[in-house]
Structures are given as C-alpha cells and as structure tokens.
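If you're matching positions, the sequence shown starts at 125 in the numbering used here and goes up one per residue.
FYI, nobody ran anything at the bench for these hints, they're computed from the structure. Small disclaimer: the values here were computed from a predicted structure and weren't measured.
Cβ-Cβ distance ranges computed for the label pairs, FRET-style:
{"#": "1", "residue 1": "Gln622", "residue 2": "Pro310", "range": "33 to 41 angstroms"}
{"#": "2", "residue 1": "Arg453", "residue 2": "Arg478", "range": "38 to 46 angstroms"}
{"#": "3", "residue 1": "Ala190", "residue 2": "Asp812", "range": "40 to 48 angstroms"}
{"#": "4", "residue 1": "Glu845", "residue 2": "Arg478", "range": "52 to 60 angstroms"}
{"#": "5", "residue 1": "Gln846", "residue 2": "Glu409", "range": "47 to 55 angstroms"}
{"#": "6", "residue 1": "Thr484", "residue 2": "Gln846", "range": "48 to 56 angstroms"}
We put the beta carbon where it would ideally sit given N, CA and C, even for glycine.
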Amino acid sequence: RRAAVSSFGVSGTNAHVIIEQPPTPAKPTKPTDTDPEAYSDSEADSDGTPVVRPALLPWPVSARGADAVRAQAARLHAHLLARPDLTAADVAFSLGTTRAALPHRFIALGTDRAELIDALARFAEERESAADGVTGTATPGATAFLFSGQGSQWAGMGRELHARFPRFRQALDAVCAVLDPLLERPLREVMLTAPGTTQAEALDTTGCTQPAVFALEVALFRLLESWGIRPDLLAGHSIGEIAAAHVSGILSLEDACTLVAARGGLMQRLPSGGTMVAVEASPDEVLPLLAGHEHEVGLAAVNAPGAVVLSGADTAVREIVAPLTERGRRTKRLRVSHAFHSPLMEPMLDEFRRTLARVTFHEPGIPIVSTVTGATDPEEMRTADYWVTHVRATVRFADAVTALHAQGVGRWVEVGPSATLLPVIQQTLDVMDGPDGSAGPEGDGGADVVAPVGSDVVVSVLRRAEPEERALLTAVSRLHAAGTSVDWAAVLEGLGAQRVDLPTYAFQRQRYWLDVPAGTGDMSAVGLGAAHHPLLGASVALAEGDGVLLTGQLSPAVQPWLADHTVGGATLVPGTALVELALRAGDEVGCGRVDDLTLEAPLVLLPEGAVQVQVTVGAPDERGARPVHVYSRPQPDPHHPRSTDTGWSRHATGLLTPGTPAPTPSDDFTAWPPRAAEPVGVEGFYEDLADRGYEYGPAFQGLLRAWRRGEELFAEVALAEQQASGVGGFGLHPALLDAALHPIGLTSLVADGATRLPFAWSGVSLYAVGATALRVRIAPTGPDSFSVTAADPTGAPVAAVESLNVREVSREQMIAAMGPAAAGGG
125 RRAAVSSFGV SGTNAHVIIE QPPTPAKPTK PTDTDPEAYS DSEADSDGTP VVRPALLPWP
185 VSARGADAVR AQAARLHAHL LARPDLTAAD VAFSLGTTRA ALPHRFIALG TDRAELIDAL
245 ARFAEERESA ADGVTGTATP GATAFLFSGQ GSQWAGMGRE LHARFPRFRQ ALDAVCAVLD
305 PLLERPLREV MLTAPGTTQA EALDTTGCTQ PAVFALEVAL FRLLESWGIR PDLLAGHSIG
365 EIAAAHVSGI LSLEDACTLV AARGGLMQRL PSGGTMVAVE ASPDEVLPLL AGHEHEVGLA
425 AVNAPGAVVL SGADTAVREI VAPLTERGRR TKRLRVSHAF HSPLMEPMLD EFRRTLARVT
485 FHEPGIPIVS TVTGATDPEE MRTADYWVTH VRATVRFADA VTALHAQGVG RWVEVGPSAT
545 LLPVIQQTLD VMDGPDGSAG PEGDGGADVV APVGSDVVVS VLRRAEPEER ALLTAVSRLH
605 AAGTSVDWAA VLEGLGAQRV DLPTYAFQRQ RYWLDVPAGT GDMSAVGLGA AHHPLLGASV
665 ALAEGDGVLL TGQLSPAVQP WLADHTVGGA TLVPGTALVE LALRAGDEVG CGRVDDLTLE
725 APLVLLPEGA VQVQVTVGAP DERGARPVHV YSRPQPDPHH PRSTDTGWSR HATGLLTPGT
785 PAPTPSDDFT AWPPRAAEPV GVEGFYEDLA DRGYEYGPAF QGLLRAWRRG EELFAEVALA
845 EQQASGVGGF GLHPALLDAA LHPIGLTSLV ADGATRLPFA WSGVSLYAVG ATALRVRIAP
905 TGPDSFSVTA ADPTGAPVAA VESLNVREVS REQMIAAMGP AAAGGG
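Construct all of the structure, not just a fragment, from the sequences and the given hints.
In structure tokens form, the structure reads like this:
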C-alpha cells in the first residue's frame, strides 16, 4: 500500500522516493504427504507448517602449528568482537576464499554469528566440544568414496538437502525423471514425504528401496563434486556398486537406472521369505557350516574380517547360525523382504540378463574397485555377466577395503543414507593397522560420524538420526581438516556472501639465537632484530625512507644443500633462493608478492669460505610498491677485515607489491594426475642434465613424475628427507621451488645443450608455507618464458609465477662471477 510519494531536486537532478508498505507474507499452507515440494525443510511445527532453519555455516581457520591455529582463532575472535558489522556468512566466505589452507585446521560450525564466535573462543581457550566444530591436521593420502547398499534407507532421507541445496535438488530430480517411467510410483513421492505416511512406508519395499538408495547416492556425489570434493577411487556395497559404476562413467544415467529398476523390480516379484543374519565370525569359520546347504544358503557378504552375513532359506540359516551362537558369536537378524545374494535369487537371473542386453558399458573415468573380485577396474565390470553374477555372488566388501588401503587411501567417505559401512571399514582397517576395536557386524551402531584409524579418517556424510545439513557439513569439515581441498565458495553459494577484511596470520615467533648474557650478544644492543629465516640473520629498519635491510651469510659449510646446485662446474646459489630472500623481505614490509625480480649476475659459492648477503627494500611509492635489491660480497677475514674486501656485487633487482588472495583450487591439481595428460618418462633425467652441465646433487633431485598435455607440463616434486625435515622458517624451500622448474628441461628450449638459467621472474605469489612436496603445472608464455603454478598434494594452492624467463649463460660469465667468491675463499 503506497504511503507517500515525494519529489525533490538537487542541482538540476530530480530524485523520486516511493515509500511503500511491504505486503504481509502469507503463512505457508500445511503441505500434503504427496507433495514433497511443499516442504521447505525436514521439520514442521505443531500444526504442520514447515520450519526453515538458518543455514549452517563453516568458519575454517588454519595455521602451521597446533598453537598457531588456536592463536589464529583468538585473533579472529577479538577482531569480530570489534567488528559487529561483519555478518557470519561474509566471514565464512572470506575465511574460505582468501586464506591459505595450512596444515593445522579448525572448522567452527554454527547457525549464527554468536554461536560461531563462542565456538572460536572455546577453541582458542582449549575448552571446545564436538558441537563447536572439528579439528585436524592435513595429511597425505588418497580419497575413496564408498556407496552403501540396501538396508541403509530411512523415511524422508534427502528431504532436508533437497530443500536446502539446489545442486542436490537438480541431481536428485534428474535421476528421478529417468527412473519414474520404470517404477510403479514417482520416486520422490516415496523418498521425500514425512515418516509414517503411506508413501514413506513403500520405501522399505525392494522395488522402491534400491532405486531410492541409488538416486540419493548419485545426488550426494554430485553435490560433493560441485564443492570440489572428488574421489581418487570408488567402491560400492551391493546396490551401492551400481551408483559407483555410474559416477565412475561405466554406466550412463539411463543405463544405470534401467539396471537398478529391473534389479529391484525382479527381486520384489520373487516369492517373499528367506532370512539374512549378520554374524560376528570370519569366512573361514562359517564356510564349513554351509556344506550340504549350498542350494539354499549363501555367504551374502564379507563386510570385515570378522563380520559376515548369511542369506537363504529360513530353516537352513537358523541351523547354521545355531552352533555359532553357542560359541558366543554375536548375531543379528536383518529386516529384509528377501534373502539377497543367495541361491534364492536365481529365478530372476535369466530375465535380468535379458534386460542387461540393452545396456552399454564404458571405460571408467574414476578407478573403481569391485566388491565381487576385489580388483581395480576389472574388465568383467563392463559386461552383462558381471552384473548378473553381482546379484547372486558374495559382496566382498572387506576385500575392496583392503585393496583401497593398498592403493594409499587415507580418507574414506561413506556416501549413502546413514553410517552402515563405517563400523566395518573401521574394523577392517583395525585388522590391517593392528588389532584394536570390535565393531559390530552390521548397522549404524551409534558410531561417530567420523573416526580416525591410525592416520586414516572415516566419514559418513549422512546419519539416520541427525539433521542432514549438519551431518553433511560436519563430514565435509572433517575431510577438510584431514587435508581435502574444499571449494568453500561453492558450499556457501546462494547466501549472498562477500569478501570482508580479516586479521592477518598470527605468527608464532621462534627465537633462533642462543641466549647469552646481556651486553655480550644481544643484537638489539646494536640496533638489529632477528630475521627469523634460515638464510638471513638480522634485520634493521632504515632511518630514512621507510626502508628495511636484511643481512645473512651463505656457505656450503652452514647450508650444505647449497653445494648440490652446480652448473657449468660452479656452485651457484639457485635463483629460487634469491626469490625466497625477496619474498621474506616483502613479508617484513607487508608486501606478499614479488612483482618482478631480474637476476643480473650469478651468485657463486666456493667449497670453503662464505659470502655475506644483503637484501634492501626501499620506501613505497603511491601504490604501495617497493624496490628490492640483493647484494653479496665475500666474507672478510675477521683478522684483516679490509684485506679481502672487494666490494658488494648486485645479483638481483626488482619490485615488491602487496599480495593477493589465494586462488580457488584448480581441477588440474585436485584431479591428479590431470585428465588427458600423458605420462613422460623421467628415468635418467638427472643423468641427462649432468651431461648438459647441470650437476645436481641429492638435495636438488626432486622431480619424481611428469606428464604432458599439449604444451603444458605437469609434475610431482618433493624434497629429500633431510631437507624436508628442515623447511621451518622458509616460505618455500629453494630446492623444492628449483625442482618445480626442472620439467622445463623436458622442453625443446634446452635441447640445444646451451646452459640456461632463470633470468626474470614476474608475478611471484606464495599462498602457503612449509611445503615439502608439490604438484606443478608449467605452461609456455613466450619463446623462452613459462608460467609456473604449484599446489600441495591435496590440490590446495601453494605458489604461482606468472612468467619466468630463462636465458643462456656463457662460461665466461660464470668465470667472471667466480672472481669475488674466489677472492673471499683464500
């Protein structure tokens, strides 16, 4: 209702304001049981009106150490108390998109600002509870998605996610659109209605259960995928293996739905009856008891080394289970309509085979482990015979877990309605990692949403008795805490969040200097401060010009790894070390980016003696950019300081600018090796380099694997063990960054045998410190220049170089550069 209209003029400009009363929102009508779209959430008040809960928000905080991450939380807590204008969604978005994901992590979870701020405070004070969020340390390891089977379903599953997340809704609706013509009733009508309704009761009939579990799991996968959480390997339990086969690419959606609908329908039409019993026993203990009952009882599943399921005719199953019960073995009768994976399934197999004749199979895009054979990507999985056998054969889930463990899986994600697989995954891992728990043979069992097993993390994305959004985001947070890269911007999509200013890193200062009596070694007494860097000893602010000077000493005797960088017979300080010095100098003045750095002369070391280095940073210009220079001179003889003073040589000059936020993790690094990239052999690579004059010792032989995709090169590089244990204090260890450049040696640019070295660096940014291994992408940007992008083994950004130019260096230049070093080595 229009209340007033006013008009006024300002300097020739007329402005009109219409003041209008907003319409009164109509109270939502009570939804019907058959209209899942009417539900905006999975809860309703006493009169049936849907209740829309606030979105659950994650606040990810990370640092390089356990103490540092608590200090970072404390700093953020204080900042937010002083800035009540910052919304919870904006803080979540900014934490997730403008901060590097460092190894020690805490993710606060809450629905409003006050709840999240309280969680930060409790964590900072070491009094947090599980309700506040999750903590963890990023560790290497592959990620496996494991899809659960029939029996994990529950009325209303997916209802809250369908209302909350558009990507889940789109994926679920797409699956249902293909399945509905193949089923007796619309699938969403069965899945998403409230518990206790007639439609929901149909969910427990096999003809609906299997399509519903499949549809939910595919939608969950697509949602996780949209958040940047992608598996390295897949496996599935019974009907869950069809979901795994579809998302791997073996089955199209249409063919997977045909298979699922036919499988569930044919099983439903079999005569009812039969029994399935979960037994706490090993296969070797149970199999002898099946003798004489092979035509009526089968070993339906080996879920863990001590957890099996028997399936078949009721009388025969009872007869087999009786002696096991007398031995004190726990048993549990499962609530099923038919005896699945038993001889009682055989009457449906011929018709099922005829249906499968219409299905086309493809190569998997994601490796998948069979729960029939325990093999990875078996060719049989792309045949109709496999899926017919799949109905009748034992589900060897424990074998699949063992195979995944052998391939380096450290993060286990159960994708399904509830945590039915979590206990048996834990039990199998316990047996492999050392005897420990005695998880029950079947069911949810009240297990935690996530459980660490050794260094493994086992997560279930949904739970029967927990709100779906909280279960899902808790699981995602656990994965992130364990090292998984998460696209937080995608998680927060639709909330209208934007970037806001947040506190800088809470550095944990560590004193490297020996404590000495006052007046004899205190550098502050001579106006110096500690530089906190392995290559630099002191820093001092200049009296004029708002500049800074950092000093240090380089010597193979003090930094032995430098001796492993020999080019053309000379031991050179690698150009990456000069970049590291520039980055450290930039940190001193709040400039996190090396805008450009030109290397003017090689810095040569001799086996004996040392060189002094100075890094100078000038005053900022109007845009905050500062000049930076790197100098060296031979270390003077302390007894005759002037006798060998040959003056200072300048080796690098450049410009520092304020840093930029870390980019979103790239698919090239999260899906590894990169898709469509062909392997490149690196055997003998360093021997070939030595023949060309690059005689790198062990510290610099970091190239492990390489791939090529068109003109792009990808590689894995890692520090040697001795250097990896000493990365503290470095932003990015020069030997690791140098190794990241070695794939350039695979290009035609160095094929002519000339000696080439890095010459000009542009746009160098460091997003995370302390890396010991990298995934690298190198792409040409010109005839003799390349861009370099590096991520950690989880795919999280570490560093980027917009352009690196290399140029030929003659032997005469090397000899000339050795002059000052030689003078200082006498």
